[in-house]
Amino acid sequence: MTQMNMLQAINNALDTAMAANERVLCFGEDVGIFGGVFRATSNLQQKYGKARCFNTPLVEQGIVGFANGLAAQGSVPVAEIQFADYIFPAFDQIVNESAKFRYRSGSLFDVGGLTIRAPYGGGIAGGLYHSQSPEAYFAHTPGLKIVVPRNPHQAKGLLLGAIHDPNPTLFFEPKRLYRASVGEVPDEDYRLPLGEAEVIKEGTDITVLGWGAQMEVIEHAVERAEKEGISCEVIDLRTILPWDVETVAKSVLKTGRLVVTHEAPLTGGFAGEIAATIQERCFLYLESPIARVTGMDTPFPLVLEKEHLPNHLKVYEAIRSSVDF
Amino acid sequence: MTTTKSKVVYNPVFTDGAEFRIPTFKLLKQDGSLYKGAKAPELDKDKALRIYRAMVTTRILDERMLAAQRQGRLSFYMQCTGEEAAVIGSTAALDDADMIMAQYREQGALTYRGFSIDEFMNQLFGNELDYGKGRQMPVHYGSRKLNYMTISSPLATQIPQATGYAYGQKLAGEGHCTITYFGEGAASEGDFHAALNMAAVHRVPVIFLCRNNGYAISTPAAEQFAADGVAPRAYGYKMDVIRVDGNDILAVHEATKEARKLAVEHNRPVLIETMTYRLAAHSSSDDPSGYRSKDEEAVWREKDPILRMRLWLERKKWWSEDDEKQLQENMRREVLETMKRAQKRPPPALDTLVSDVYDEVPPGLAEQFDKLKAHIRRHPDEYPKTAEQAKGGA
Numbered sequence: 001m002t003q004m005n006m007l008q009a010i011n012n013a014l015d016t017a018m019a020a021n022e023r024v025l026c027f028g029e030d031v032g033i034f035g036g037v038f039r040a041t042s043n044l045q046q047k048y049g050k051a052r053c054f055n056t057p058l059v060e061q062g063i064v065g066f067a068n069g070l071a072a073q074g075s076v077p078v079a080e081i082q083f084a085d086y087i088f089p090a091f092d093q094i095v096n097e098s099a100k101f102r103y104r105s106g107s108l109f110d111v112g113g114l115t116i117r118a119p120y121g122g123g124i125a126g127g128l129y130h131s132q133s134p135e136a137y138f139a140h141t142p143g144l145k146i147v148v149p150r151n152p153h154q155a156k157g158l159l160l161g162a163i164h165d166p167n168p169t170l171f172f173e174p175k176r177l178y179r180a181s182v183g184e185v186p187d188e189d190y191r192l193p194l195g196e197a198e199v200i201k202e203g204t205d206i207t208v209l210g211w212g213a214q215m216e217v218i219e220h221a222v223e224r225a226e227k228e229g230i231s232c233e234v235i236d237l238r239t240i241l242p243w244d245v246e247t248v249a250k251s252v253l254k255t256g257r258l259v260v261t262h263e264a265p266l267t268g269g270f271a272g273e274i275a276a277t278i279q280e281r282c283f284l285y286l287e288s289p290i291a292r293v294t295g296m297d298t299p300f301p302l303v304l305e306k307e308h309l310p311n312h313l314k315v316y317e318a319i320r321s322s323v324d325f
Numbered sequence: 001m002t003t004t005k006s007k008v009v010y011n012p013v014f015t016d017g018a019e020f021r022i023p024t025f026k027l028l029k030q031d032g033s034l035y036k037g038a039k040a041p042e043l044d045k046d047k048a049l050r051i052y053r054a055m056v057t058t059r060i061l062d063e064r065m066l067a068a069q070r071q072g073r074l075s076f077y078m079q080c081t082g083e084e085a086a087v088i089g090s091t092a093a094l095d096d097a098d099m100i101m102a103q104y105r106e107q108g109a110l111t112y113r114g115f116s117i118d119e120f121m122n123q124l125f126g127n128e129l130d131y132g133k134g135r136q137m138p139v140h141y142g143s144r145k146l147n148y149m150t151i152s153s154p155l156a157t158q159i160p161q162a163t164g165y166a167y168g169q170k171l172a173g174e175g176h177c178t179i180t181y182f183g184e185g186a187a188s189e190g191d192f193h194a195a196l197n198m199a200a201v202h203r204v205p206v207i208f209l210c211r212n213n214g215y216a217i218s219t220p221a222a223e224q225f226a227a228d229g230v231a232p233r234a235y236g237y238k239m240d241v242i243r244v245d246g247n248d249i250l251a252v253h254e255a256t257k258e259a260r261k262l263a264v265e266h267n268r269p270v271l272i273e274t275m276t277y278r279l280a281a282h283s284s285s286d287d288p289s290g291y292r293s294k295d296e297e298a299v300w301r302e303k304d305p306i307l308r309m310r311l312w313l314e315r316k317k318w319w320s321e322d323d324e325k326q327l328q329e330n331m332r333r334e335v336l337e338t339m340k341r342a343q344k345r346p347p348p349a350l351d352t353l354v355s356d357v358y359d360e361v362p363p364g365l366a367e368q369f370d371k372l373k374a375h376i377r378r379h380p381d382e383y384p385k386t387a388e389q390a391k392g393g394a
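Sequence order for the protein chains is A and B. Under UniProt numbering, the residues of the first sequence are numbered 1 to 325, in order. Under UniProt numbering, the residues of the second sequence are numbered 1 to 394, in order.
With the rest of the complex left out, here is chain A (with noise of 0.2 Å):
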């Protein structure tokens, strides 16, 4: 065990994957010698060469396109994105090529290997292009699975089953956590499993979920509902797509209540997928409307950030309000 930041841990997991295996590669733009703008891929250059780790040229759908033929051809490709801000230019890639690739050849040929990470979601006075969440967007699309930790040892667990699985993964990393998240991580090679969610808190009178950086927003939110008596049950989604519907369905029988908080706009926000597929298996259990606290539909703001963002003071009230209905 190592006491990691959320950097760290990521970096550890590149390292561990691309000691184990030698197709293992990490490219994107300033990931070479300078080890990306946010440090994740430091050292990995001078560790293990520049044939390995390298940086590409600015140009998103490039780096995403290089990175399916690779996946094609065997390789097992880590792409950066340096903000998820900036992988619209990619979406052709990934939404008509990496998530179709095994289906449309009919299993001749797959992108399995491929892992797209990318700095994510508010909190650090990034404005509209520096805090974007927009994992709604890719979990449209089948045959794509999309990963976000919510702390270090998650974050290396995690990203090396993402490494591992056998389908291309979006993997989101919540910035605002890179340094600010710190934690005890293995320093062995351990795989998280993708498509389930965790429990992280029991608790009888209502459900809690959320990923990525808005566990600690709830856990806050939760520790000032329990001082009222709340009892709280929090979940972790960790994979958007597929999503483990059932352990959240499970928890909603046993609470009968769901609050469902991401940073991203309310208006086709996943937290409505969530909503629509836990009423319908749960609706004559639901003693309250299943509430969902989200970023407001606007382009994401700069001085009025605190005010956009789902907080803690808001997922408390959303809480409050659902046990009081």
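If you're looking for bench data, these hints aren't it; they were derived computationally from the structure. C-beta: ideal position from N, C-alpha, C; glycine also. Do not rely on the hints blindly, as some may be mistaken.
[As the list claims (entries may be wrong)] Heads up, incomplete: computed chain A residues facing chain B, CB under 10 Å, no partners named:
| # | residue |
| --- | --- |
| 1 | Pro89 |
| 2 | Phe101 |
| 3 | Arg102 |
| 4 | Pro142 |
| 5 | Val182 |
| 6 | Pro186 |
| 7 | Asp244 |
Based on the hints, put chain B in the right spot on chain A.
Relative to chain A, chain B alone:
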């Protein structure tokens, strides 16, 4: 840090690049003789005949399948007609283990590598033997054993993938390369620029073969770019480039053979622009009479790449009138027979609807599939293809 080593001037000097006129490489005249001064390429009889047979097979397949589409037996078709030399001449210059990442009009490459007429038909009719399990429209072929990446409809997406694939081949160190095909229209896509730039920067063994066939559906090349074709773009990426008469099988083969050496032996990516003409419509859904003249088509029909090769073969006494007749008859018969067989085969199984989305069917999708089967069981007459298969399960 800038990397330019250019000299300094003290007046504003603009350049339009006019000094970089790229010549067109030709060897074979339309009458089957070589141009004066042209060096006869090394092409032995066996290979020459393998190429020629593939060209004729492709032409006949295209003719028959377009006719089948017109008769309503097939939903859609795309012909390679007029571009057989550009496609087959280049594929033939590669090692059969090299990867091909094509656009959609390159069935000639598959014919050359040995894709059987049965294999073509199974895909075209989307039957149970189609490797793609009936998921894609006709002509979206793929073959793992022939190193031919399954076709994807979105244009140009295969180009940066080819760069990546070839980068992997370079690391593997087995001396293989990738060729990627695309039209002059697709070369306008951002993916084209991304792919060439990355290939040049990372010194990747990839050959970019542009089939400049004059049209992107109805848009003529003159409305696609202001420059002299696609070839000059290579300068901007510091990449080797050659322009070839795309209807000249010998020139295409020779240029690609040399390009492969640059790619594999020197890690130098190459752009080849083949100047050719899409003699057929864009697809069975297109009608060229709305955007180009019969006279223009007639000019290019005179430049038929297959006839040109045949005349060359005949001059070398490698091919005769009888050989031609026999090949044509055999192929026509085989195409018709296999078409009948393929049409009769059942469609892919119902569960291919949900397999291969992921390596395993995730629980949510499995649940949707169970619901679908239950629905089909309630309305078996409405789903004659799959009612029988829906009987099992929850």
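- Task: May I ask which of the numbered hints given earlier this structure violates, with the numbers listed in increasing order?
- Result: 5 and 6
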